[in-house]
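Work out the full structure: start from the sequences and follow the hints.
Protein chains in written order, with the working numbering: chain A, 1 to 361; chain B, 1 to 361.
Because the hints were derived from the structure by calculation, they are not lab data.
Treat the hints loosely; a few may be bogus.
Same chains, same label: a pair holds when it works inside one copy or across any pair of copies.
Straight-line Cα separation of at most 25 Å, SDA-like style, residue types lysine to any residue; simulated pairs [unchecked claim]:
hint, residue 1, residue 2
1, K317, Q24
2, K317, A185
3, K104, A261
4, K317, W29
5, K104, P168
6, K104, S135
All figures in this text were calculated on a predicted structure; none of them were measured in a lab.
Number of protein chains: 2
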Amino acid sequence: MSRAHNFSAGPATLPEPVLRQAQQEMLDWHGAGASIVELSHRGPEFMQVAAEAETDLRALLAIPDDYAVLFLAGGATTLQALIPLNFAAPGQAADYVVSGHWGKTAVKEARPYADVRIAASSEADGFRGIPARASWQLSEDAAYVHITANETIHGVEFRELPDVGAVPLVADFSSSIASEPLDIARFGLVYGGAQKNLGPAGISFAIVRRDLLERAGQPRAEILDYRAHAAKGSMLNTPPTWSWYLLGLTVRWMLEQGGVAEFARRNARKAALLYAAIDGSGGYYRNEVDPAARSRMNVPFFLHDAALDQPFLAAAKGAGLIGLKGHRALGGMRASLYNAMPEAGVQALADFMADFRQRHG
Amino acid sequence: MSRAHNFSAGPATLPEPVLRQAQQEMLDWHGAGASIVELSHRGPEFMQVAAEAETDLRALLAIPDDYAVLFLAGGATTLQALIPLNFAAPGQAADYVVSGHWGKTAVKEARPYADVRIAASSEADGFRGIPARASWQLSEDAAYVHITANETIHGVEFRELPDVGAVPLVADFSSSIASEPLDIARFGLVYGGAQKNLGPAGISFAIVRRDLLERAGQPRAEILDYRAHAAKGSMLNTPPTWSWYLLGLTVRWMLEQGGVAEFARRNARKAALLYAAIDGSGGYYRNEVDPAARSRMNVPFFLHDAALDQPFLAAAKGAGLIGLKGHRALGGMRASLYNAMPEAGVQALADFMADFRQRHG
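Okay, structure coming up:
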């Protein structure tokens, strides 16, 4: 097959120019005589790649100087365990607002290390919305307040940043980082896995206000200590070099495309197009999320008859549209519309959905 | 430059056929319509890649069925922190035999979680040998005995496996796994980062006797729990998919080349060739390691005059020989001779060393 439109939720579609550059450089990076994947992380070639990736990410996200940027091995789940270890005293309260599957994961990973309190949850509602800020039960002594900015599985997104006062706001942005302008200064920590909007799986990012790195946290090994990683420029040990390299290429591509302001416009148009295809189908397709909390990145939807799921997926694949199967927790379909998904891909999906509905009406 | 002979200690040279295959498949994996780096880890394509990598690694290393194989994000240092968390009770003794830098790292990462005891150390000797087994002070109540099979920086290698009785032997094999046949059944745990003999940075392996997974260990987040990873086939969260894929290609290449028996022969010849070039230089070059403990994988060596280091490195690069700068802890030079380093590369290095000595005698 030639390249399909890939709606996978992550690992996810990457910009074709990024893949072409990685392909072209695979045997010999810039005349070094070896692939970047073969070169020492301490050598001048990779040090340059690493530094440029950080510089470019700082430019892309307008990260203030009083924030450190860490690139760490693994994904967001590992960070979820390390957040209380690094930023909460033993047994200290930490407030969690749960708006979907990944908020629950964050709670589960934190429980061994903090007095985790559910400040609000939309679980009783099937995670179809964001708990209203007025309903949150925040603790005055909390180490931080944790939210999941965008829920990849449930397709629910914070469209307004909550005010939590002086307590640091910690947010999992795995699936919406760089999708629109973001005021980093509102947060204590913005973190996530890279494998949706920023690059490949195997590397995660943590944008952390430097004063939080001074917190004692809890006894832990050095390799689990963010301050130690920050002191060594994320090279406390051998980092995931190729993933870091590909992240750098992806961030550079975003800057060249016009940055987050441009992607915010594209993403708004893409989401509007797909939600209109669903809402205008007379119930043939449906999305169950509160319209005020609908995710621009991940759009779960259901056919009116689940018996059509397999035919839909098979016909979609035949039309060059892949990665549409919904997460097993919800069933149905899911289309992820990350930055690297072109508007033409979403138009092709909307056209296919209309055509499928006609043929299987 | 065309492809050089790359003696980097890790990330390290990879087989050119592996890189060519990754290059060829970069835009579209086997007709899937997307790169393997873009495909869901839960989809049939990556599940196949992951399963084949495990099957091939089991074949390559003759891993018995009562051992689980884990592929984990990050490197050996992370595993070093998680070993006591998973396999030692809080405050339980753990014996460490320290024969170089990485043995010290293992001790440092374990200290927060166990009563770490230095059973033996060759540090007073500058890590130029392996402490004699008869000198080890082992604890009867130890959770395990930890060794570093091959010290990447100091160039010291266990050439005989120690008998430690009924206590599980845990070994960091980051830089010598798959370099020769290994009796896995002698170990409780064989672990390491992949970025020397098995593939790229960003993924590590743990070959663990299944009964050890039943140990309670210490309170910890699920993402830090090996039993949880084993139960989910190393897909507790999104794994480092591209690194796993490249590891699989590298392991497959090793099988096609004849497996570990063949690499043992090649590696013995390569090491003999380089040590002969050093020892036969009349002191122009020197390696300071006890000959009985010399590493076949990493050969640190010094020129008789450190003022020649920079000219040596510059001339070597001009001759297409890169990655020879020694680790900053030792200075001098280091040549790493992993499986993907061809004998022709080592011959070229030996020839260059003789020529340099003639020109700068």
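Evaluated hints:
1. K317 - Q24: between (28 Å within a copy, 23 Å between copies)
2. K317 - A185: neither (42 Å within a copy, 46 Å between copies)
3. K104 - A261: Neither. Shortest intra-copy (31 Å) and inter-copy (48 Å) distances fail the 25 Å Cα cut-off.
4. K317 - W29: between (35 Å within a copy, 15 Å between copies)
5. K104 - P168: Intra 19 Å, inter 36 Å, cutoff 25 Å: intra-copy only.
6. K104 - S135: Result: close within a single copy only, 18 Å intra versus 51 Å inter.
Of the numbered hints given earlier, the model fails hints 2 and 3; all others are met.
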